[in-house]
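Protein chains: 2
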Amino acid sequence: MTNAPVFDQTFASTFEQLLVWRRDVRRFKTDPLDVASVKHLIELACLAPSVGNAQPWRFVNVESPARRAVVRSSFERCNHDALSDFRGERAKLYAQLKLSGLDDAPVHIAVFCDRETPLGHGLGRKTMAETLDYSVVAAIHNFWLAARMVGIGVGWVSIIDPVEVTQALEVPETWHLVAYLCVGYPVEEHDQPELARLGWQQREAPESFILER
Amino acid sequence: MTNAPVFDQTFASTFEQLLVWRRDVRRFKTDPLDVASVKHLIELACLAPSVGNAQPWRFVNVESPARRAVVRSSFERCNHDALSDFRGERAKLYAQLKLSGLDDAPVHIAVFCDRETPLGHGLGRKTMAETLDYSVVAAIHNFWLAARMVGIGVGWVSIIDPVEVTQALEVPETWHLVAYLCVGYPVEEHDQPELARLGWQQREAPESFILER
Chain A
1 MTNAPVFDQT
11 FASTFEQLLV
21 WRRDVRRFKT
31 DPLDVASVKH
41 LIELACLAPS
51 VGNAQPWRFV
61 NVESPARRAV
71 VRSSFERCNH
81 DALSDFRGER
91 AKLYAQLKLS
101 GLDDAPVHIA
111 VFCDRETPLG
121 HGLGRKTMAE
131 TLDYSVVAAI
141 HNFWLAARMV
151 GIGVGWVSII
161 DPVEVTQALE
171 VPETWHLVAY
181 LCVGYPVEEH
191 DQPELARLGW
201 QQREAPESFI
211 LER
Chain B
214 MTNAPVFDQT
224 FASTFEQLLV
234 WRRDVRRFKT
244 DPLDVASVKH
254 LIELACLAPS
264 VGNAQPWRFV
274 NVESPARRAV
284 VRSSFERCNH
294 DALSDFRGER
304 AKLYAQLKLS
314 GLDDAPVHIA
324 VFCDRETPLG
334 HGLGRKTMAE
344 TLDYSVVAAI
354 HNFWLAARMV
364 GIGVGWVSII
374 DPVEVTQALE
384 VPETWHLVAY
394 LCVGYPVEEH
404 DQPELARLGW
414 QQREAPESFI
424 LER
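Protein sequences, first through last, are from chains A and B.
Number 106 in my numbering belongs to position 106 of the first sequence; there are no gaps in the numbering.
Number 306 in my numbering belongs to position 93 of the second sequence; there are no gaps in the numbering.
Simulated from the structure, these hints should not be mistaken for laboratory data.
Note that the coordinates shown come from a computational prediction; the quantities given were computed from them, not determined experimentally.
Among these hints, one or two may not hold up.
Covered, in the sense of this in silico footprint (three residues per stretch, anywhere, with C-beta under 8 Å from a C-beta of chain B), are these stretches of chain A [what the hints assert, rightly or not]:
id : region
1  : 7-15
2  : 36-46
3  : 115-124
4  : 158-164
5  : 189-200
The calculated DSBU-like cross-link candidates involving lysine-lysine, where the alpha carbons are at most 35 Å apart (straight line), are [what the hints assert, rightly or not]:
id : chain 1 : residue 1 : chain 2 : residue 2
6  : A       : 39        : A       : 126
7  : A       : 39        : A       : 29
8  : B       : 311       : A       : 92
9  : B       : 339       : A       : 98
10 : A       : 29        : B       : 242
11 : B       : 311       : A       : 29
12 : A       : 98        : B       : 242
Here a beta-carbon is modelled for each residue, glycine too, at the ideal position from N, C-alpha and C.
Please work from the sequences and hints to get the whole structure.
This is how it looks when you write it as structure tokens:
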């Protein structure tokens, strides 16, 4: 192929800024999102790599107030349970953190992995079956970066009971919940994670994560 | 924050081209990679989101020929086993696929998740512990996109025995293998997955993966 694009230095430094300014958003404006924009983000998500080209990603646009209420109450209970794991100052800090944007985000998308998809014919996942779930994570990350690019925030809510949420959404039995995403315009932009800014966990130097063998 | 960058339409269309032209590469030139470039890709990987800001990603640069030989023989055995799952035309097609670039890629990076990292203090992963592994996948995807941007190819090898490979690399016991990456300059560039081009698995329309609830 000779028509492959070349990504120049200007693009590269802007792309790095995109990585720097992508955040896990918990504070959303309630302004609605354009349906076509969200659909386009899902199209870009589907350009992610997947093991065996299995494309196991399934996007559930959760609109029903009753189903959203189940998710919200699951979050509240799980978050309350998690708080009890901490003591003293750390418990105080945990209680102050805002860990989901479920109340304000106009769009909720649950992302599943169809673990029994016939697509891909099982290629590449015999010894590391979890790569099917990982393919869905790559799609979510495409979605996340593309969203940030157009000024849309994404928050990944993991403090929920996946069984409860899956049941509430009435999806096929073979679907495994990977993520519950809040999507909407963010109230503010930051180049540092909220958990670092609020003193929960600082960033470590990348060098500390590299080993030679 | 008022200094947040704005990503314009030119950047957006180029970014979409980056997603389109990112491939799982199996055909590498043997030309070496610049050490600083690889380190910079890891730095960009570390800008990925992680649950609780736990930064569980661990990058092992595999240089030892003896360790690489273990990985290669693990791949050969697992790939041979996988072939026996297929019959007829599909077996013939599987046998023709090139599923790893282990022989030619100048850089091998095994990426692990430290499942016992104290970073993040357990936040966000009590009910969905797998989000720690998912954080590592997001880092790998940052690496992958950033690599493609500078013309470096990445191939994710999953047809290996993770226990065997983990042992060969002598990493801490709490580290869980997420991916084994081949990294180097690609022989060719494509805007379609190899498995689609060779007739193993076509791409489906994104619409078929969207549900309303």
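Hint by hint, where does the structure go against what was stated? Just the numbers, ascending. 8, 10, 11 and 12
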